[in-house]
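K.L.:
If you want the building blocks of each chain, they are given just below.
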Amino acid sequence: MSNKATIASDWLAGCAGCHMSLLDMDERLVTLLEHVSLQATPITDLKHPPAAGVDVGILEGCVNNSATERVARQMRARSKVLVALGDCAVFGGVPTLRNGVCLRAALRRAYVETESTAEGHVPGDPELATMQDARALDQVVKVDVYVPGCPPSADTIVYALTELAAGRKPVLTGKHLDWH
Amino acid sequence: MNDTVHLTINGRAVQARTGQTVYEAAAGAGIRIPVLCHHPRLTPHGACRICLVEIEKQRGLQPACTFPINEGMVVQTDTPAVRASRQTSLHLIFSERTHYCMFCPASGSGETSDCELQKLGYEYGLDCWSYQPNYKKQWPVDASRRFFVMDHGRCILCRRCVRACDEIAANHTLGLTHRGARAMICADDEAPFGASTCVSCGTCLQVCPTGALHDRQSVYLGNEARVTRTAATCLGCAVGCGIQAITRDDHLLRVEGDWQTPNGGLLCAAGRFEVLEPKPARILRPLVQQNGQKTEMDWDEALTRIAEKFSAAHLVAGVVSPRLTTESLAAFACFFHDVLESSEVGLLEGDVPPLDLGAPATLRDVVDSDCIALIGGNPGRHQKVLHHLIRRALDRGARLLIINDETTALDPWAELHLDLEDISFHAASPFERLKTTYHLRVSGVQQLRKAIGPARRPVLLYGTGLSSTVYAALRSLPDTTRYLPLVNGANALGAARLGLEARPVRGDALYVLLGDDAPDGQPLPQSQFTVVQAACRSAWTDAADVVLPSPTWAEQRGHFINLEGRRLPVVPLLAPPPFVRDHWETFSTLAQRMGESLPPEALAQLAGVE
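Chains as they are written, first to last, in the numbering used here: chain A, 361 to 540; chain C, 404 to 1013.
One or more hints might be untrue.
[Stated by the list, open to error] Among the chain A residues that face chain C by a calculated CB cut under 10 Å, a handful are:
hint, residue
1, D498
2, R528
3, V531
4, T533
[To be verified] Just a sample of chain C residues kept apart from chain A, beta carbon distances all over 10 Å, derived:
hint, residue
5, R415
6, G513
7, D530
8, D569
9, I649
10, T650
11, D822
12, L880
Think of the hints as simulated: they come from the structure by calculation, not from any bench. Just so we're clear, the structure is a prediction, and the values are computed from it rather than from any experiment. We put the CB at the ideal spot given by N, CA and C, even for glycine.
Generate the whole structure from the sequences, applying the supplied hints.
P.N.:
The structure is reproduced here in structure tokens:
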């Protein structure tokens, strides 16, 4: 095995937009892969971070139920450095809009009361994840690096990953710092 | 006493004036200290703690915006301690409410952000918020006002709006309710804004540093980096407020008050918001009434037809709106005077009182006055910004004397309140004269003179349509008195200088120049052949034989004379639609068709009336 930095990523309650932005780095991915090794991502065959752990774990989206919480905790346990990627992971983002209404009301609205729903019911299967308040990643696990943005631009992701691959903590300033 | 203070800011020797704050001294020397709650037009407040700086021999950090300077002071504005404190303040402000930028109309990337809080967040490298708000609490959104919305979730309690309402609009509607984390901006006794004493002048909207206050019309249509700002003049009334017109791609998005002009950022709801309201259908080409309906026609044919009818007419009458530039009014006046040789011309509306009562006052004199007398007129209705300037003077201790038959919004502050009859009664019956002689009734003028007497900078505002006895009486006030006429109708003063005044006209042909004015329920004067030149469709264009397109107020270039007699520039903000012609061009072409021409020198002379 080379001395490349190992990376794993996953998504929680998000829209996959941050991973799309990651792919947006185009040919720069080839250069980046000279320095890092992607171990697992939700858009490749291997989905889960290796049990042996990785150098850098990246999570997109916020924590909003028992399933995403488990994914977040596993990624934290298996990474030396955990990166919160995008506004949902950093601030909570769009999913936190439902925190203002109670969970039951949110579920009823989604599964029963929407205008296009006929005879809907709130799913109650015990195997399903349990809903929680939507929270930023650092409300659940310790986060080492924050990369806000909706989504963060490909430039910003390249910059952050290059810095991490070189063993430095990225400091976002100027055009890289954008929550817009 | 020497009023220069020497201090050192960031190692630089700086000179400033006694009484200035650290922030002002630094700004004067070109040293930037970031602020959120501070606004150069408002009294310093020290609420946000962003401007904290290190001052030698002072304990802890001190707010630059409120801290007065003194001789030999040594200030550091950008040390690690200062930066750390600003970061902490920003983290706390972001954690308080729903400052989630993505949902906010003021949000932007880097320098294109319209939000002062977001810009500081970027500047101080906030890549996360130490204290996550989690958005459990729902902050109310007050959308009860017609033109703009208050989202309390975006509010940082900087109180700029409260101070703008107190100090600029002098309306005292806004305040703060509750304490600490429960503190909220409120109107009156926590009434919904729309049901409060708020007059929707929008001054609070103009000073809000975040997206808490946003305007319904221009929200999401382009942030500051994408728009053009043009200094122009409002043509709504005779006050002639300076405006900043915000345009993008030939659309007027928003109007703000100009800080540099006498209105000092202030506008009324009509000038700031109503100008953006949707208008009736625009008239884009000349229309001619044929077989019971309006048919489009090109300019040439339409003007030829008008020229034929006017040449054949016995007497052509003219009606013109006072909301046009002096140049447009001059072209109209000249066309009637020199080409048609008709004196049957009148203004659609508007009134100018006599202008020779005494030394003229300016709008700034009103704010600086220590005694304001209002005789006739109703600025609260017809010159709203002036009403607020008067209230600002009252806040600073000015006394108010009102002599009026009409109820005005200023009545509660009047120290002396008389009827117009009181001022003119001495010319009445011998019995009244007898009463005066025996001091049974003191003349209104005497009372007014006595009340004005001790004042150092009295200003008298007088309305139109008062009797000559009243005007004569007003001439006999103390010499210190300055006079401001309450002119009705935007450029009525410019029109008056061209000999145009509101009066009924009659003729067998009629030319009505409306611009973008619409007759407010007035009947169209009767005539056999009527031409209406207007920007938008109205009852009058429907009744006309020929309708000509006209530029709107935002498409004209020229001048406008306000009630102070100042000549203000009218700047074109938008390009007129392709087939719309200038008023000047219309009248000169029409004159040519009639075998005459508008004398350019005379026009220039008329238009340039100072």
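K.L.:
Could you work out which of the previously given hints the structure breaks and list their numbers from low to high?
P.N.:
2, 6 and 7
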